Structure formats: C-alpha cells, structure tokens
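Each protein sequence line maps, in turn, to chains A, B, C, D, E, F, G, H, I and J.
The first sequence begins at 1 in UniProt numbering and counts up one residue at a time.
The second sequence begins at 1 in UniProt numbering and counts up one residue at a time.
The third sequence begins at 1 in UniProt numbering and counts up one residue at a time.
The fourth sequence begins at 1 in UniProt numbering and counts up one residue at a time.
The fifth sequence begins at 1 in UniProt numbering and counts up one residue at a time.
The sixth sequence begins at 1 in UniProt numbering and counts up one residue at a time.
The seventh sequence begins at 1 in UniProt numbering and counts up one residue at a time.
The eighth sequence begins at 1 in UniProt numbering and counts up one residue at a time.
The ninth sequence begins at 1 in UniProt numbering and counts up one residue at a time.
The tenth sequence begins at 1 in UniProt numbering and counts up one residue at a time.
The set of hints was computed from the structure by calculation and includes no laboratory data.
Since we're looking at a predicted model, the values are computed, not measured.
Errors might be hidden in some of the hints.
[Claimed, not checked] Calculated cross-link-like contacts (lysine-lysine; reagent style BS3-like; alpha-carbon spacing at most 30 Å):
1) 145/A to 144/C
2) 128/E to 133/F
3) 145/I to 17/J
4) 15/A to 144/B
5) 15/J to 9/F
6) 133/A to 9/G
[Claimed, not checked] For each label pair, taking beta carbons as the anchor points, the in silico distance ranges come out as:
7) 120/H to 5/J: 39 to 45 Å
8) 130/I to 108/H: 21 to 27 Å
9) 129/E to 12/C: 46 to 52 Å
10) 145/G to 47/H: 42 to 48 Å
11) 23/H to 145/G: 25 to 31 Å
12) 58/B to 69/C: 18 to 24 Å
13) 108/D to 55/C: 28 to 34 Å
14) 123/D to 19/B: 45 to 51 Å
15) 18/H to 126/G: 36 to 42 Å
16) 27/G to 125/A: 31 to 37 Å
17) 127/A to 18/H: 38 to 44 Å
18) 12/D to 55/A: 22 to 28 Å
19) 133/E to 130/D: 56 to 62 Å
Just so it is clear, CB atoms sit at the ideal spot from N, CA and C, and this is done for glycine as well.
Protein chains: 10
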Amino acid sequence: MSIPALTQKLLAAKKIKGLSFADLEQILDRDEVWIAALFYRQATASLEEAQKLADVLGLDSEDVAELISYPTKGLGPVVPTDPLIYRFYEIMQVYGFPIKEVIQEKFGDGIMSAIDFTLDIEKVEDPKGDRVKVTMNGKFLPYKKW
Amino acid sequence: MSIPALTQKLLAAKKIKGLSFADLEQILDRDEVWIAALFYRQATASLEEAQKLADVLGLDSEDVAELISYPTKGLGPVVPTDPLIYRFYEIMQVYGFPIKEVIQEKFGDGIMSAIDFTLDIEKVEDPKGDRVKVTMNGKFLPYKKW
Amino acid sequence: MSIPALTQKLLAAKKIKGLSFADLEQILDRDEVWIAALFYRQATASLEEAQKLADVLGLDSEDVAELISYPTKGLGPVVPTDPLIYRFYEIMQVYGFPIKEVIQEKFGDGIMSAIDFTLDIEKVEDPKGDRVKVTMNGKFLPYKKW
Amino acid sequence: MSIPALTQKLLAAKKIKGLSFADLEQILDRDEVWIAALFYRQATASLEEAQKLADVLGLDSEDVAELISYPTKGLGPVVPTDPLIYRFYEIMQVYGFPIKEVIQEKFGDGIMSAIDFTLDIEKVEDPKGDRVKVTMNGKFLPYKKW
Amino acid sequence: MSIPALTQKLLAAKKIKGLSFADLEQILDRDEVWIAALFYRQATASLEEAQKLADVLGLDSEDVAELISYPTKGLGPVVPTDPLIYRFYEIMQVYGFPIKEVIQEKFGDGIMSAIDFTLDIEKVEDPKGDRVKVTMNGKFLPYKKW
Amino acid sequence: MSIPALTQKLLAAKKIKGLSFADLEQILDRDEVWIAALFYRQATASLEEAQKLADVLGLDSEDVAELISYPTKGLGPVVPTDPLIYRFYEIMQVYGFPIKEVIQEKFGDGIMSAIDFTLDIEKVEDPKGDRVKVTMNGKFLPYKKW
Amino acid sequence: MSIPALTQKLLAAKKIKGLSFADLEQILDRDEVWIAALFYRQATASLEEAQKLADVLGLDSEDVAELISYPTKGLGPVVPTDPLIYRFYEIMQVYGFPIKEVIQEKFGDGIMSAIDFTLDIEKVEDPKGDRVKVTMNGKFLPYKKW
Amino acid sequence: MSIPALTQKLLAAKKIKGLSFADLEQILDRDEVWIAALFYRQATASLEEAQKLADVLGLDSEDVAELISYPTKGLGPVVPTDPLIYRFYEIMQVYGFPIKEVIQEKFGDGIMSAIDFTLDIEKVEDPKGDRVKVTMNGKFLPYKKW
Amino acid sequence: MSIPALTQKLLAAKKIKGLSFADLEQILDRDEVWIAALFYRQATASLEEAQKLADVLGLDSEDVAELISYPTKGLGPVVPTDPLIYRFYEIMQVYGFPIKEVIQEKFGDGIMSAIDFTLDIEKVEDPKGDRVKVTMNGKFLPYKKW
Amino acid sequence: MSIPALTQKLLAAKKIKGLSFADLEQILDRDEVWIAALFYRQATASLEEAQKLADVLGLDSEDVAELISYPTKGLGPVVPTDPLIYRFYEIMQVYGFPIKEVIQEKFGDGIMSAIDFTLDIEKVEDPKGDRVKVTMNGKFLPYKKW
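Take these sequences, add in the hints, and give me the full structure.
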C-alpha cells in the first residue's frame, strides 16, 4: 500500500494556501489530527466537510467524490522505517504488554477501541526542550461471552 | 524474544499479595505503567526500588540483581496477534503518517523521543461505556545538522 | 506463540470423561465455541465458570487460577498451514474486500467488532453432503470523528 | 496482487447509477456478496450474468470478456492492514483452533469447503448498536483415505 | 511447527522390525503414502488401523490414542529447505499458473481438492536412470455461485 | 515477479482463435501443460516451435524472439493466494515429509528432478464428481558422494 | 520505499558540474555526509541551503520546495543486498550486543540518539591498503523514569 | 540464533568480580569492545587470551575451549527490537545510501571491510548531555576485476 | 532447523583426537567437504563409512544408525547472518543472474545440478594474502520437453 | 530491486550482433562472467572498457555514463525462484556450515572475500552428461583483533 495521489495534491494545496492543520481545524470544525488522517485517506469526510475543504483548497468534484468514499486503511510498511513513525512501533514493542496489564487490571478482559477513538497532539513548551503530548482516547470494549 | 520467567514470578506474587499496580505506585513512588514495564523487564530499577519491590513481593537477591540489570528490550512478535496490543499497531498503521504531518508542522523535522518519554493510562468513566485514556509525553528531538 | 499446556490437559480430561463441547454447553451455560476458545486460552472464565469446569473435568486450583486470568491471545502462525484453519484465511483473502464493500454499503465507514462478537457453528445435514454453518455476529462500530 | 482496474470501473459505474449491491441482487438473481466478489474479480460470471451487468452498468465487450474469464484469486496483503478486513484475520487467529475443535467433534477429520461455499451479510438492527451478521455455509469435506 | 515425537518412534520401530511402507500397505490395507502421512501425523487412523499398527510396531495405548486423534496439519517451513521437498515447491512456483490454465480449460472455475485426494508414488525403472512417478488424484470442486 | 505481458497476448490470441491447449498439443506435438508453461514463459521454445505458434496465433517476430529466449522462472508469490495453486502448496506442506520418506525408502538418498521432469493433467469422469489427475514424472537423482 | 527521482537529478547535476561532496561541503558549510543524506531525501534543507544548492546545481523552484519539505525516511530493503551497505547491517548483527554492553557500562540504561547525531567519513591512507574511518557521534539519552 | 549460555556466565562472573570492560582491556591488552564481542561469542580468543580470562573470571577448561573455537556469528533478530541496537539499524536505513555515495566518491567501487575492522566507543562529556562516540575503522576493499 | 546434536559430538570427538578433515579424507577415502557435510547431517554415510568413522572417533551404534539415515537437509536461516556463510549468499545475490546468462549461453536452458555435484576447497598460498578456492562441479541438466 | 533497463538493451544488442560472452571476453580482455556482471550492473566498467563495449554494441554516451557509475548491487529476491539461481541458494543452505568448518580449519577465523574475488564458469564435456564447473577464488580475510 502506498500514499494516495490525492494526499500529495492536498498537502501541496495546503502549503500554497499557507494553511496549517490548525487553520483547517477552525474551518472544518474537526481536530487537526483527524484532518491529517483525512488527507492520507484514513478517514472519510461527509459531503459537507469535503465541500468545505474543496472550497478552501481548490479541489475538483472528483476529489470531493474520493474524500467521501470509504478508503482501504493502513499505510504500511509492516515495520515502519521512518524514525518518527517507528518510535510508535517501538512504544508498542516495549510498552505493549505493560499497557495490557494495566488496562486489564483497571477494566477486565477487553481492548481499547481504535474505532471509537480520538487522538490529539499538543506541543508542550519546556525550557529543557519542548515536548510532544499525544493523547489517545478509546472506548473500552469488554469481551462478550456467549 | 519471549516473556522473561521473572515476569511470571512477579505477576504471581502481586496476585497472591492482592496488590494492584496502583498500590505499587504508592509504594515505589513510580507510575503504574512504568512498574508494569519493570515487571516485563522493559525498564531498570534502582537498587532501592528493587529492594522495596523485593520486600513487598517477597523476592530473593537474584531477582533483585535481575531487576537492576539493563534488559534487552522489545517483546515481539513483529505484528502482535493479541487484540489489545494489536490496536496500538493499527493506530500506528492508520494514524502514523497523519501524526507525522501534525508533529512536523508544529515542531519541524524531528521525532518524539521514546526514551525521554512517559506513558500514563487513565480510566475515564462514561455512561455510554468507560473509556481508556492513554497519554504519551516525549521530548521533541530536532534532527541535528552538521 | 504456541498452544498452552493447559489446553492439552483440558482436551485430554474432556476425552476421558467422554464429554462433547455440546455437553459442556449444557453444564456451563455458554456456547460450545466459546468453551473451546476458553480451552485454548483465548477467552477468560469467571470464577464460577472455572469452578464448574474444574468439578466436571477434575482440575486443580492452579488450573482454575489460569482459566480466570486474562490471556495473551492469537495462536499463529502468520499464515496457518492446517487446511481447516487455512480455509478461513483463504476466505479473508478472497472475500475480504467484497465483504468490506457490502458492510460499508449497509452501515457506512466502520468495522464489525471482533470483541462484542459471537460465533456459532452448526451442522446442517444434507443428503449431498453435510454442511458447516458458521455464524458470526459482531456489533457494527462506526468510525468516530473528532 | 492489487485491486484490478476493472474493479474501480465497476464501482464507479455502480455509484453513478445509484445502485446498491442489493439492487444488483434483484437484477442478477445472485447474492450481493457474490456480486461484490465478482466486482473484485474473485468470482466468474456466466456470459448471461456478465451481459446483464453490462446492460445495467454500461460496460463494453472487453469488460464482459474479462468478467467471464477465470481470475487469479486472493487480494493480499499477507496480514491485512485495513481494520475491517483485519478483524476477520483476528477471528482466524483467536478462534481458528477452537473452531477446528468444534467442527472436528461434530464432523470428524476434514474441512469446511471454501469453494462449495456461500457467504451472506445481514444487518441486524439493535437499539444498543446495529450488528453485522455474517453467515458462512460450506460443505464439509472429510479426508479421504486411500 | 515441528515433527511430532511420535513420528520418530514410529520410524524407529518400523526400522527395527525391518518393515517397509510397502509391507505396512499389506498389513493395513492402506496406501504406503497415506501410512507415511499417518506416521507424520498428517492423517488420522481409525481405531482398528491404529491397533493393527500398534500390534505390528509394538506401540502402547497412548500412541494409539494419538494416532486416532485429529492432528494439526502442515509441517513447514514456509519455503522448504530440504532439496527433495523443495522440488515440489519449485514445481508449484514454475508450473502453478500453467496447471491452473489447463485445469480451468478442462473443468471451468474451481480447484482440485486436496482433501478428497489421493497420492501415489511409483518407481519406474529406466536404464537411463530410474524415475519417480507421483500421481495425484483429487476431486474437481467447482466454485458455487449463490 | 509478475505475469509477463506476452502471456496475456498469447492467452488472448488463443481465445480469439477458439483454440484449446489440447488443440495446440496437436499442432506443436508437445503436451498441453508444457505449452501452458511456455505461455507463462516458464519454458523455452525451439525456433521451429515458436514459428508454428506464431503462425497459429498470429505473433510477430519479436514474440518469436522472446519465446526462444531463456526465461527467469518462478511466478511467486512465496505462499500462493489463488486457491487452485494454493492446494499444491498445501499438498507440499501436508504430504512433503511423507513423500520424502517413501521416495527415500524406494530409491535411497536423492531427489526427484524437477528439470528432467514431465507433468500431465487428465480429466477422469466420475458420476460422484469428475476428478483431476496430475501425473508427475521426474528422474531420480541420487546424491553424489565425492 | 525507493530512491526518490530528485536524487537521480541531484547526482546527475553534481556529476556534470564536476563537483565532489567535499566541494559542496565548502559551498553549503555542511558536512559532506549530511549533504549526501539531503540528496537522498533523508534530511531537510533550510531555504537558504536549498537555494545555494539550486544555484550551484541549476535546480528549479520545485526542487527547492522538495528539498525543504520533511521527508519520509528509511530507504530499505529490510536486509540490504548492496555489499557496501550490508556490511553496516553485519556490524549491527555481530557487534550490536557487545556495543550495547559497553555503552550501558559507561552510561547506564539508555541509547545513543540517531537524531541528535552526526556521522563523518574519513579516508585514512595506509600503505597496506587505505582505510575507511566512520565516526558516529550521538547524544546519550538515559531512559526517563516516571 | 540466541545468546550463548557462556555469555551469561561471563557477564555474571565479571559482575561478581566487580570488573569493567575497561579493566579487562588492561588485563587482556585488547579493546573493551572486542572483549565484549568475545563475551557474546562473536570473536575468537587465542589460547593465551582465553587463559588470562579464565584466571581473572574463574572459568573452567571447557569454557576456555569454547572461547578459542570459531563461533557462528550474528545474533539476530532480522530487525532488532532493542532500542539501543535498533538505532544502528536505523542509521543503516537512513544513512546507508548517503554513506555509500561518499565512500565511493573517495575510494571508488568497493566496500569497507567488516573483517579487517575495529570499533571503538568513547564517552564524550558534554554539559548539554554526554555523547557516545563510535569510531569504525575498516580497510577499503576495491572490487577486483578479472 | 538447527544444528543436530550429533554434529557437536562429532566435532568434539574430532578435536580431541586431533584430527583434521584432511586426515579423515585419508581414512574414509571421501573428500573433506563431503565429510564435513556428513558431520552436519547434510549427507548420508554407507554402513562401511559410518563404521570407519565410529572406529576413529569412538562413536556408538546409535550414532552409526543416525549417520546412515537420510537427513532432512538445509540449515537455515533464510538469510545467513554468519559473515563467512553470508558471502556465499551475497555471491548468489550479485552474480546469480550473470552466472545464469553464461551457463545458458554455453549449455542452453537448464540448470547445474546440486545433487550430482561435488564441491572442493583449496588453500592457494599467495604472498599478498592466501586465497580460498572453491570449485563446484555439477552435471548440467537440460529442461526436458514433453 | 529489479533488472535494470540497460541490461535488456545490452543483452538485445549482443544478440543482434551475434556475439557470445566469450567473444566479448576477447574484445574487452575481461572474463565473460565479469562482463555478464557488468551487463547486470553488478560491476563497474572503466571508461576505456565502457567505450570498447559501446563501439561493439552500438551504445550511446548515456549508456557509457551508466556503465562507469557505481551501481547498487544485489538482484533479489530474498529466496530466488529461478531454478538455476536457486541451486546456488540450496548449496549455501546445505553446504554452508560444512564449507565454514573446512575453511576455518585451513585458515583460522575469517572469511573468503566476495570483493577481492573472481568467478569462472567452464563447460566440462562428459559422455554421461556435460558438467558445469564453477570456480570461485577469494582472498582469505582473517578477523582483525584490536
């Protein structure tokens, strides 16, 4: 799986317009991370959202049609090589089992949903070096017995 | 790589003592996730921390020696099969590139450290179903030029 | 990941007692597939369920403790070699995208939960050869926007 | 292996005509899942079926020729990254061995055919959240001895 | 997956008794290849077959119990390294698509069953070098439409 | 590795001419499976064979040149996803070691050649369902000692 | 992931101009290895750096825009086949654990940053054969406890 | 491949004796990294070196015999999960091609030997955070033409 | 697949007796490389050869029985990590296609047998550094047409 | 990695000119295998060699420029599927460890260089079937201690 062509177009248009994701957050009334996910075709816009985006970025109707279609998700590769993305893989490798222990102790047998889920990114200024704060918030889903 | 034998011993002792990770948080003055990471030998205790844990859980001196040694990290497999852990892999697959875009827009070219890094898990009660809140906080490291 | 030792013990005890999964369904008031999943440590028993099973199959308290603990799930290998299990992999390879199209048309962008989920197996007698009927029933989870 | 170009054409034509798979079910007298499988070139149409589809969707004779040819099947990747499709992989990982136990107990040594096989998808409305019901029905094939 | 311990025991007993698979073919009234598959736990004996084998090879009742249980099949690795077994992988790599073309031309869309299936091996003497003749015979299964 | 462009051209020309592989067997005086292997560029034609084929199928001189060149063989993927081809992979997984035992018992340490090798496919009509008969015939090559 | 098209353009322009990386080091006031990393889009130029490079190599404004964008990093493949690059993989395979032991003994539990990091290459002339000297210099990052 | 049992024994003895690799450097007159490589059985001691080590660490004659034998090298896994070791994999992924360009420009077509090769690790104190300095020094080997 | 236990026993016995493979070549009247292959259970001894070896190395009858049995061959891993063995993988990666071109030009379409095959290793003394000479000699097998 | 476009051009030009690699050996005063390696861009020509080749095969200046550039080497795939090339992989799998034993016994701990290395192919006529003789000659490189 590779980055969709539309992603390049959206990123280029955004750059030319001089817009940040935070600006788009204002315009679309959606979180900047969700909008970035939409750019990479990992999320689906409503018609209204797609048209707002088309107005702002100068997209054509074909682009709108693609933005409201349901995408195939997951961008690979199996183990990411990009250092920024790899760190999230490393966190899963190193802290995956500890996270599982703590979640299960608090909630029982089940998972954190990655669907009924939000993800926010915040810049925390710090004189010793700014920090990235990533907040994930997913519904706990207990295993159903039958 | 597989789960260390000490992990089983620690988890069993903790269960017998009827202690939660939150209880251990009080005793060790470390976050419950970090303690769970220590249990899985993904983190290194100081001698003092190891001895406190030994007192509480009834460990012997060999266990203490292992807890203060520097472990080989990463617990595999390449793609996790456990559904709870897999969801974090899925988040990296689906939201990895969007996260990269937003972090870079806010900070420039660099990464969120997974070493100068903390991870907290909170239970957010919600009448429509409780939610898992995972907060990651890592120092931003800009790419050095030379 | 490999088949847990307890699985062998449970399957052997069940065979010696001459019990079918359908018999256990009567005793535990749980579906036979769920019970088989419990045998393979892919599901977690309540204390009551574990004790009923211990009574019927002659298990000791350590076995009970294991049955009520939250297991690491997923039994590998990546591509199954056993022909019966492989056919489910093949179904996912051949019908995965068609299933996605039809579910999305009926429900929108989201997934069928594999957690809030049940699975039943029925034998449908047929003079031209009996048939296996597998019914999966999972809650639809729409992608949250934020 | 990647999604065939014809698939895009068929999905686009279907969207323009405003037809659902359920509508095509009426027209072709085939199940909607089978038709979706045909769209993804995982199934083969008869000449009559292909021509009906060509009439409805405005296909040319080359498309008809392709729809009646026998395709190479299986759409990859080895482990799917799309969350909807992955859940079926997860079901195979978690419930594969339990399913094998129950089928073998009911039928003996053999498999559920994925060829003499049907698959239906139903939307079950539920006030707590609609549910996806997937019914697989395959002939049991006992291992031949010789 | 690895070679079962029972396989070593069966092969050793057969060698000590000075029996060939052809001899066992006489005794069990099953083909020598099927018997070799039973030795490797890729096939399931009837109680009668298992007991005949136990008599001939001096097996105990536990071995008999194992021979009549339904095994997990497929012996790996993904790509075989043993040159004799690799050649069959090579045949699939080189002649797989040509075989598919010819079978489909003769039978239509479907597969050769590997379950309702027999496999024989014959030694064809030849002054220029003896030849191995492998005959596979599987039921053709046409894809069901629904 | 992917299917060569010439393969599509040959298969299309054969279809337009209404020829079966059995018809080509008559014309080229080569087995239909070998001809299908030639179509997929897994075999090399003599100039005479290539020209006969060019006459029958209307090929140009470049096609002839390609048909007489020595191809890179093996069509991948590592584990085939097409159900028809996969069954041969499954046969190797399930029956590979048993075949090795029987061949070695009959011939000693060595292999069945996949080069000095023929493969035939026959349709065996059967009221309970027609059967595919695949006959492989390869020279036995004993391991040389030195 | 594959070599970007811009890399070819930059390398070709550099060759035509008869410039070495050492020459560019003079012009850009950056180390030659960093400049080579920029050529392969593994590093990001400032606008000033990109324009200097554009002047020297005759690039257009689109190239400048690409050079200042934040790239996806990591050039694959998983195990490199090029012998020069493979040797660095081999060094990691053979000396990885020993390096870890020595760094941990000197610094404690943590890592050498690959982000706050420089890499220099020097030619050391030697009558018995010139030597390549690679100096890596990365900040030590101790594991944070929390 | 996994860590040899002797490695654990050597590391434990070294810890009990309270020796650093720098201490062993004095005793053996070999670099500390080479000694760590010897501990992990990635290098071969002379009899004299092995006996010195045996005296210092209290090893028996079997250990000496193992230390002077030629080991199978490379400690896996294919992609390391330990964050410290992974960073060297990342350096190869990110800087591999740039390093190749610069080495080839300075030396021509060839490689840096990983056999006629030394590797040193130095701690560079720095008020902004100490730094790890890794120096690799390998003979350049030009490709032979013949 | 891993190194057989017998291999360790044979290598240890050979070392204790102070024998080289060249010495064993004299005793067994087989090439030293073939004998090393026998040690690693990649080749099969005749009873006479096995007994000679048993006399020289002090083996028991079980070892003899193992040496005359037909082994599963191929020692993995898929890509070797040992530098000496890797170089042969590298030769196949770099020179595989060129070798194919030259062999085909000289012989036509076919392969060099790895079964009817010998391999010799010679030490060629050279003042600029001794050289390893590996001579492979395999029967050419032309592709059979049928 | 895939076969370079230039390779096809060179092979085609050589065929049209009716030249064998042995003919080119005469013209370039380089071994035919080395020339084949140059064709596949696994070796680098001097300007003089490239121009001689350009004269003989009718190449343009761009081709010459490519032939003197330093290529990325290794032609994949990880495990070759072409039977001729696979046999060299099989030799490494089966005889890799035995070769290592014999080389180490003769030379000590080190490797055969694949860089200071030549490879020749000879046709040895034999009434029982011609034989392929491959001679590899590489400098022995002892592991440096430091």
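A quick look at each hint next to the structure:
1. 145/A to 144/C: With Cα atoms ~25 Å apart, residue 145/A and residue 144/C stay inside 30 Å; holds.
2. 128/E to 133/F: Holds, because 26 Å separates the two Cα atoms, which is no more than 30 Å.
3. 145/I to 17/J: holds, 29 Å
4. 15/A to 144/B: holds, 24 Å
5. 15/J to 9/F: Distance ~24 Å between residue 15/J and residue 9/F Cα, so the pair holds.
6. 133/A to 9/G: This hinted pair is violated, its Cα atoms lying about 39 Å apart.
7. 120/H to 5/J: 39 to 45 Å: The hinted range 39 to 45 Å holds for residue 120/H and residue 5/J, with Cβ atoms some 44 Å apart.
8. 130/I to 108/H: 21 to 27 Å: holds, 25 Å
9. 129/E to 12/C: 46 to 52 Å: The hint (46 to 52 Å, Cβ to Cβ) holds, given that residue 129/E and residue 12/C are roughly 50 Å apart.
10. 145/G to 47/H: 42 to 48 Å: holds, 45 Å
11. 23/H to 145/G: 25 to 31 Å: At roughly 29 Å between Cβ atoms, residue 145/G and residue 23/H fall inside 25 to 31 Å, so the hint holds.
12. 58/B to 69/C: 18 to 24 Å: holds, 20 Å
13. 108/D to 55/C: 28 to 34 Å: holds, 29 Å
14. 123/D to 19/B: 45 to 51 Å: holds, 46 Å
15. 18/H to 126/G: 36 to 42 Å: holds, 39 Å
16. 27/G to 125/A: 31 to 37 Å: Given a distance of about 36 Å, which is inside 31 to 37 Å, the answer is holds.
17. 127/A to 18/H: 38 to 44 Å: holds, 39 Å
18. 12/D to 55/A: 22 to 28 Å: Since the Cβ atoms of residue 12/D and residue 55/A sit about 24 Å apart, the hinted range of 22 to 28 Å holds.
19. 133/E to 130/D: 56 to 62 Å: The hinted range 56 to 62 Å holds for residue 133/E and residue 130/D, with Cβ atoms some 58 Å apart.
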